[in-house]
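Modelling step: build the complete structure from the supplied sequences, incorporating the hints.
Sequence order for the protein chains is A and B.
Residue numbers for the first sequence follow numbering that gives the first Met the number 0, beginning at 0 and rising by one.
Residue numbers for the second sequence follow numbering that gives the first Met the number 0, beginning at 0 and rising by one.
No lab work stands behind these hints, which were simulated from the structure alone.
Don't take every hint at face value.
[Unchecked claim] Where chain B lies over chain A, by a calculated footprint (3+ residues, C-beta under 8 Å):
(1) 223 to 231
(2) 447 to 456
[What the hints assert, rightly or not] The calculated lysine-lysine pairs, modelled on DSSO-like cross-linking and capped at a C-alpha distance of 30 Å, are:
(3) B:LYS154 with A:LYS464
(4) A:LYS271 with B:LYS51
(5) B:LYS78 with A:LYS326
(6) B:LYS154 with A:LYS87
(7) A:LYS90 with B:LYS53
(8) A:LYS368 with B:LYS78
(9) B:LYS53 with A:LYS480
(10) B:LYS51 with A:LYS282
(11) B:LYS51 with A:LYS90
(12) B:LYS51 with A:LYS474
(13) B:LYS51 with A:LYS480
(14) A:LYS474 with B:LYS78
(15) B:LYS51 with A:LYS370
(16) A:LYS87 with B:LYS51
(17) A:LYS464 with B:LYS51
(18) A:LYS149 with B:LYS144
(19) A:LYS212 with B:LYS154
(20) B:LYS78 with A:LYS464
(21) A:LYS152 with B:LYS51
(22) B:LYS53 with A:LYS464
Just so it is clear, CB atoms sit at the ideal spot from N, CA and C, and this is done for glycine as well.
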Amino acid sequence: MSKKVGIVWFTILAVLFSASFLVSPVSAQQTSWWAKAAEPYKGIVITGISESTPPSKYMQEVLAPAFEKETGIKVKFETTSWDEMYDKEIKDMEAGTGVYDFVYIEQDIVYAYLARNFLVNLSSFMKENPNLVYPDLDLGDFTSFINYYKDSKGDLFGLPFESFLKLYVYRKDLFNDPKIKAEFKAKYGWNLRPAKTFKEYEQIAEFFTDYGKRNNIPLWGTTVQAGAHPAAFYEMVETIWPSWGIYNWGINLQNYHATSANGGKLDSARAKEAFRWWVNLLKYAPPESRASTWDEVAATMAAGRAAQGWVYGENIAWIATDSTRSKVVGKIGVELPPLYPGVLQEAKEGKGYIGYYDGGALGIPHSSKKKEAAFLFMQWVTRKDFQGDFAAKAARIVRKSTFSDPKVKALDPKVDHYFTKMQKYGDLFAGAPPFPFHATIREVMLPYILKGIAGEMTPEEALDKAAIAVDAELKNEGYIK
Amino acid sequence: MKSRSLTFRNGKIAWGLLSPMLLILFIVGVLPFIYVLYLGFCQWNVFAQVSKIKWVWGANYRRLVFDSDFLSALGRGIKFTLWTVSIEMVLGFLLAQLFMKPFRGKNFFRAIYSLPLTVAPIAIGATWRLMTIPGFGIIPYLFSKLGFDYNIAYKANQAFFSTVALDVWHWTPFVTLTLLAGLTALPKEPFEQAQIDGASNWQMLWYITLPLLYPVLTTTLFIRIMDALRIVDEVWMLTGGGPGTATRYVGIHIWREVFPKTDYGYGAAMSTLVLYFTIVLSWLLFTIITYREERKE
Chain A
0 MSKKVGIVWF TILAVLFSAS FLVSPVSAQQ TSWWAKAAEP YKGIVITGIS
50 ESTPPSKYMQ EVLAPAFEKE TGIKVKFETT SWDEMYDKEI KDMEAGTGVY
100 DFVYIEQDIV YAYLARNFLV NLSSFMKENP NLVYPDLDLG DFTSFINYYK
150 DSKGDLFGLP FESFLKLYVY RKDLFNDPKI KAEFKAKYGW NLRPAKTFKE
200 YEQIAEFFTD YGKRNNIPLW GTTVQAGAHP AAFYEMVETI WPSWGIYNWG
250 INLQNYHATS ANGGKLDSAR AKEAFRWWVN LLKYAPPESR ASTWDEVAAT
300 MAAGRAAQGW VYGENIAWIA TDSTRSKVVG KIGVELPPLY PGVLQEAKEG
350 KGYIGYYDGG ALGIPHSSKK KEAAFLFMQW VTRKDFQGDF AAKAARIVRK
400 STFSDPKVKA LDPKVDHYFT KMQKYGDLFA GAPPFPFHAT IREVMLPYIL
450 KGIAGEMTPE EALDKAAIAV DAELKNEGYI K
Chain B
0 MKSRSLTFRN GKIAWGLLSP MLLILFIVGV LPFIYVLYLG FCQWNVFAQV
50 SKIKWVWGAN YRRLVFDSDF LSALGRGIKF TLWTVSIEMV LGFLLAQLFM
100 KPFRGKNFFR AIYSLPLTVA PIAIGATWRL MTIPGFGIIP YLFSKLGFDY
150 NIAYKANQAF FSTVALDVWH WTPFVTLTLL AGLTALPKEP FEQAQIDGAS
200 NWQMLWYITL PLLYPVLTTT LFIRIMDALR IVDEVWMLTG GGPGTATRYV
250 GIHIWREVFP KTDYGYGAAM STLVLYFTIV LSWLLFTIIT YREERKE
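If you want it as structure tokens, here you go:
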């Protein structure tokens with residue numbers, strides 16, 4: 000009997016061993032390419048920095064060790080807070096110290112980095128080093144998000160590894176509850192569904208806040224990303240204003256003025272109305288909202304404390320599927336955000352956008368002394384065959400082919416077809432405007448946004464002063480003549 | 000002749016031994032300070048249209064005196080300093096007096112009490128944030144049980160006094176320990192003499208302890224003033240400077256100007272002005288205290 004079992008086991012193992020060669024001929028071939036390309040750099044250490052986000056953690060914990068094993072190049076991958084990451088990488092690139100061999104480039108900062116010539120031109124680099132270009136890199140397979148990393152001549156300066164939309168997320172279970180639906184209809188006279196207008200959004204927020212109070216459950220009507228942190232500024236300028244038809248932070252792209260008198264829209268009536276509307280939502284938001292950044296908003300939603308809100312896509316997958324971290328697994332719905340009349344049409348015509356298309360890439364600073372090895376690592380993390388797992392773990396997609404990956408297809412229904420919506424509506428969203436002064440102007444506007452939130456100023460007064468301050472700063476920095 | 004040569008040789012040896020440390024101090028202390036002074040007279044924002052350093056004479060300082068955001072931040076910093084240092088000095092002195100007396104478990108209590116000093120400010124800020132975060136923290140929860148709405152992300156006064164409480168919790172042990180060292184070193188004779196003369200405890204405190212402790216008290220006071228005025232990390236972690244700008248003290252204001260905004264020239268001018276202000280404030284305090292002491296003599 001035991002002899003028979005032994006033969007069976009031996010046969011199974013032999014079949015599996017042979018199959019491993021049969022089913023992955025491409026992997027074997029790819030392995031040899033990476034090892035061969037990395038041969039001259041074996042044993043060296045490359046250092047990189049990124050924000051501590053799910054995609055970066057995945058690179059740090061999964062992809063970097065696999066790269067080390069495959070190539071013999073050691074990767075020192077630092078993931079830290081968003082503020083500190085910028086502080087460190089900008090100082091390194093400005094001083095040319097060469098501490099970092101690859102850096103995280105969030106879409107919104109790339110224009111500033113290009114203006115300061117911090118980054119290696121990857122198009123030229125690839126021409127000069129054809130032996131380092133992975134045969135299956137296939138730049139044409141990247142989504143349109145890669146275009147944010149090209150200069151006016153079309154040259155590439157970063158390889159995207161993450162991109163996602165900030166979408167309207169709501170509690171499907173609550174929205175579909177017949178008792179709640181009936182109560183809602185009786186109070187507001189229309190059928191409860193994801194909001195399409197701002198009035199509807201506010202009514203839903205009011206209803207669920209009241210519902211939470213009446214039933215003594217910790218539930219509020221909406222999330223608001225209103226902590227004393229740049230996150231509050233970003234929710235306003237990248238999520239709320241675009242959906243109200245105020246684009247590019249209210250700054251005129253032609254002359255860089257923010258004041259209405261000079262062609263800007265930061266102090267326009269609609270910008271003020273939108274700001275007041277958003278601040279007013281704090282009445283229907285849980286108490287932590289005034290201390291919330293993007294992470295806390297995701298935590299609030301995952302804790303089941305809000306009925307709806309705007310959530311960064313990188314968090315949607317774990318909120319909807321990871322029961323170790325989320326109380327609302329299987330209860331999350333995803334939709335396009337409510338919009339001001341005409342905004343959707345403007346977005347379709349390319350004259351505007353309806354929300355934020357966020358993401359990041361890895362780039363190589365000029366100051367790096369190990370550019371070749373860094374470039375190999377950047378290609379490694381964007382490998383087509385890694386993208387399915389990467390998307391499933393961190394809900395980010397940078398390649399067109401990833402949308403049809405079986406793992407993504409399997410996950411898609413569990414996240415209310417977030418990936419399908421990303422593919423279908425991605426072009427209606429946009430990244431940050433092409434400002435070389437992104438961080439500087441954020442810091443000028445931020446105190447006014449915070450004062451508006453805290454009630455130190457009315458929203459109208461805050462935007463009037465912010466517009467004047469932006470114009471003054473841009474004049475001082477030489478952008479307004 | 001022999002002794003002069005010896006002195007000269009000793010001097011050379013002394014300078015030789017000191018030189019590595021002086022060199023390090025010069026590199027990490029004096030040079031950066033000179034650089035900051037220089038930058039204060041320059042316009043330099045790495046993301047400006049012209050990102051090179053440009054000498055602008057006193058333009059940054061001229062802009063500063065009319066910068067209401069900076070002046071407000073400085074005002075808030077002074078208010079914070081007044082509150083924290085006053086509480087810490089009084090509380091620290093009382094606790095130092097307590098530790099002078101024998102009681103059971105004194106050593107254990109002193110060790111526990113001094114623990115905050117060993118923790119990094121950023122970790123203290125993070126811990127306090129966890130305790131105070133609205134909706135989740137233990138402190139808002141306990142206050143809600145008492146029917147009190149505690150939300151430091153919304154209520155400016157609560158945020159301000161929470162930062163004061165954090166600083167007092169962190170730094171009072173420092174005041175206690177330095178004053179305790181001072182009290183321990185005081186001579187016993189004047190106190191014995193006063194007891195014989197029938198002086199009350201209050202009279203001994205006012206006429207003997209405080210005057211004898213004066214050098215330690217002033218040193219501790221100045222250290223705490225300087226520290227409190229430039230506070231950044233704990234408050235940054237706890238409130239982020241909010242709600243609004245309620246706890247955006249001058250240190251945080253400068254940090255945001257220099258790092259996220261990358262306005263190095265203007266930020267350097269702010270730092271220099273705050274340093275100047277701190278020196279003047281300390282000098283004024285010192286003069287007032289010394290004048291009082293001289294008049295007494």
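Hints versus structure:
Counting residues of the segment 223 to 231 of chain A whose beta carbon lies closer than 8 Å to any beta carbon of chain B gives 4, which meets the minimum of three for the stated coverage. Only residues whose beta carbon comes within less than 8 Å of a beta carbon in chain B count, and the segment 447 to 456 of chain A has 6; three or more means the coverage holds. Pair hint LYS154 of chain B plus LYS464 of chain A holds up; C-alpha atoms about 23 Å apart against a cutoff of 30 Å. For the proposed pair LYS271 of chain A and LYS51 of chain B, the alpha carbon gap of about 37 Å is over 30 Å, so the pair is violated.
Straight-line distance between C-alpha atoms of LYS78 of chain B and LYS326 of chain A comes to about 44 Å, which puts the hinted pair past the 30 Å bound. Pair hint LYS154 of chain B plus LYS87 of chain A does not hold up; C-alpha atoms about 33 Å apart against a cutoff of 30 Å. A distance of roughly 19 Å separates the Cα atoms of LYS90 of chain A and LYS53 of chain B; the hinted pair therefore holds under the 30 Å criterion. For the hint linking LYS368 of chain A to LYS78 of chain B, the alpha-carbon distance of about 49 Å lies beyond 30 Å, and the restraint is violated.
Between LYS53 of chain B and LYS480 of chain A the alpha-carbon distance is near 18 Å, which keeps this suggested pair within the 30 Å criterion. A hinted pair counts as satisfied when its Cα atoms are at most 30 Å apart, and LYS51 of chain B with LYS282 of chain A does not qualify at roughly 47 Å. Distance check on the hinted pair: LYS51 of chain B and LYS90 of chain A sit about 15 Å apart at the alpha-carbon level, within 30 Å; holds. With a C-alpha separation of about 16 Å, the suggested pair LYS51 of chain B and LYS474 of chain A falls inside the 30 Å cut-off, and the hint holds.
With a CA separation close to 18 Å, the supplied pair LYS51 of chain B and LYS480 of chain A stays within the 30 Å bound. For a cut-off of 30 Å, the pair hint linking LYS474 of chain A to LYS78 of chain B is broken: about 34 Å separates their Cα positions. At roughly 26 Å between alpha-carbon atoms, LYS51 of chain B and LYS370 of chain A fall within 30 Å of each other, so this suggested pair holds. A hinted pair counts as satisfied when its Cα atoms are at most 30 Å apart, and LYS87 of chain A with LYS51 of chain B qualifies at roughly 20 Å.
Distance check on the hinted pair: LYS464 of chain A and LYS51 of chain B sit about 29 Å apart at the alpha-carbon level, within 30 Å; holds. The suggested pairing of LYS149 of chain A with LYS144 of chain B is violated, with an alpha-carbon distance near 56 Å, which exceeds 30 Å. Restraint check for LYS212 of chain A and LYS154 of chain B: satisfied, since their Cα atoms lie roughly 22 Å apart, inside the 30 Å limit. Distance restraint check for LYS78 of chain B and LYS464 of chain A: the Cα-Cα separation of roughly 26 Å lies within the 30 Å cut-off, and the hinted pair is therefore satisfied.
Note on LYS152 of chain A and LYS51 of chain B: the hinted pairing holds, with a Cα-Cα distance of about 25 Å set against a maximum of 30 Å. Distance hint between LYS53 of chain B and LYS464 of chain A is fulfilled; the C-alpha atoms sit about 28 Å from each other, no more than 30 Å.
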